[in-house]
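**Student:** What follows is each chain in one-letter form.
There are 2 protein chains.
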Amino acid sequence: MNTEKNIKTLIVKKPLKLDCGKTIKDFPIAYETYGSLNSKKDNAILVFHALTGDQFVTGINPITNKEGWWSYAVGPDKAIDTNKYFVICSNVIGGCMGSYGPSHKDPDQKIFGTNFPVITINDMVNAQCNLLDHFGIDKLFSITGGSMGGMQVLQFISNFPDKSKTVIPIATTSSHSAQNIAFNELGRQAITADSNWKDGNYTSNETNPGKGLAVARMAAHITYLSKKGLQEKFGRKLQEREDLKFGFDADFQIESYLRYQGSVFVDRFDANSYLYITRAMDYFDLAKKFNGNLSQAFINTKAKFFIISFTSDWLYPTQENKDIVIALNSIGADVGFVEIESDKGHDSFLLDVPDFLSAFKNFLDKSYEEN
Amino acid sequence: MNTEKNIKTLIVKKPLKLDCGKTIKDFPIAYETYGSLNSKKDNAILVFHALTGDQFVTGINPITNKEGWWSYAVGPDKAIDTNKYFVICSNVIGGCMGSYGPSHKDPDQKIFGTNFPVITINDMVNAQCNLLDHFGIDKLFSITGGSMGGMQVLQFISNFPDKSKTVIPIATTSSHSAQNIAFNELGRQAITADSNWKDGNYTSNETNPGKGLAVARMAAHITYLSKKGLQEKFGRKLQEREDLKFGFDADFQIESYLRYQGSVFVDRFDANSYLYITRAMDYFDLAKKFNGNLSQAFINTKAKFFIISFTSDWLYPTQENKDIVIALNSIGADVGFVEIESDKGHDSFLLDVPDFLSAFKNFLDKSYEEN
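Chains as they are written, first to last, in our numbering: chain A, 68 to 438; chain B, 68 to 438.
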């Protein structure tokens, strides 16, 4: 992987006090942009990525040589039309695609590993806000993202109520539930159970806890798909065989599929980053600072919200998205909401779901015309 | 653990041809009984256990020193009233509580490990049917069990249509879904990823893949509980601390709970047995032999069925239980069905759910009065 030459990086000079109490400065934020910033600088959309995403939203990701994670939604004439909008996306801090994270070196040139500070969704968006200064953007046209990207959307507009005209959280929650935490903890336990993890110091001897990380990915992957979608796609179909083999190889296509998902993930993701980012998600509870009153998180913004959920998403179900709508309604905020019919589960926001993509596009383009 | 003296064992002399093609004979079935067989021998109930259960249904399990897995349902005056009924339960073959399994030795005195034959639900019930001959029981009063126990109930009455007067499958399915297989495969991958697993030969050097098995248990445990139940019980409650610690210890009670569930499981269960039993569940597809027509599996029985599901069970949801009812209705079988309201998820069948326990008791006692 020729990583460095393909990664644009902003070095943030300004000190950032993290929620854990530590202060970081002179740290890198790796980012990518699509489309062009217009002269009024009023066409910028900041996209936030999910747990395993990165800054390479669309087109071919130069590191993995695969399509960017939001290629269905972002590009010329797509929902986020890059002929019209200037899209910015950065790798979250704690990540492993160039932004400051556990695989970076501390001032003594030792790889951080688990000595990297535990970061939060709040820290992530506070770090990313520096990109606005970098581009000289006073106010974004929109902020959007699904899953953990949606959490960052909610946190960003709460922290910076005047910094975006529109706000589109997708398939997300304002607070990680016990079941969400349970699945993330399962993933962390799978990683730390791998004898190659070595308390996070695996980078020093060039082995890595790939088996544990693959198991963590498989667990998460199941939660991204719906029971019905899995049944329709895989059911009990066998993997290149006439009948059961009475062994422990992958007899079923679903087994083979999961193993594949685990193995390709390991090639592109860092196990310690997986620990840090899932921790940030579990710590996310936007209403906590407001004594449990979620409405207060949005009291200072005049932004126009559009919230999107999916019928078969059981990770961040419609009700958790509706709870955000209810909180916004109760303070008279400008808020739209749509629940999209889809059997593709939580992953619907990443896939070719026409009703979703057209609702997304229409909201953006209509709002932009009102500019 | 003083295992051997507390385990009653029947050595099955009769050869049993397994679905994989191999034949076993002179193999042990470990069993337990509760209550007394009456002189007419018409009060026996065969209970089938779930994935991680064993023959110690109620009272103190002499091996673990904990309550038996179905103590809420089985005992004097309980749903299965041991003052009235004679309860038999045996450890499934492939298991690790005395019945023939991968921790046993092959004829060359070498521990089987993954050389043990892959077994099926069909093999399990064919093995257990030998207990009827052992006790001289011509016809059982009832067969029952939840989860994988329910699968055995369905398979048993299909194989032996005249061997039980009543049939009570609980929280189960007639065919493992893609999502079910996915979660089981996740567990197997967690076990085999553990460097102590050593292709299943861990018993030879007294290390065992406890970390991997614990991860497998955590994954499964999440599927046994409902999202709502987890939220009500744990939510975001912290574990013996005032606030988040910004580290990777268990900050949340749900994390601590899962870790505990993983660690206690390892003390009582064998990792290879976990592989074999989950494989048997994944292979379960009762209609397969009947060209997909589930009704045909029950065409030869006159037994009276009572099927029970739980509203918040997302592992074997009500619809999959109803599919069994529909198959029975279509051949005019005698079948009752109840969906019990509970937020305790799949585990409801093991817990103190009064509506379930009273429906269960009423069906049994009314059917027995008709004897």
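Some clues are possibly wrong.
No copy labels: a pair is met if it fits in one copy or bridges any two.
Cut-off 25 Å, straight-line C-alpha distance, at most; resulting in silico cross-link-like pairs (SDA-like, lysine to any residue) [stated by the list, open to error]: (1) 75 to 314; (2) 295 to 196; (3) 428 to 307; (4) 265 to 331; (5) 72 to 199; (6) 356 to 317; (7) 265 to 330; (8) 304 to 381; (9) 355 to 202; (10) 265 to 328; (11) 232 to 313.
Quick caveat, the hints were computed from the structure, so don't treat them as lab data. Quick caveat, the model's predicted, so the values are computed rather than measured.
**Student:** Flag every earlier hint the structure violates by its number, smallest first.
**Tutor:** The structure breaks hints 1, 2, 3, 9 and 11; every other hint is satisfied.
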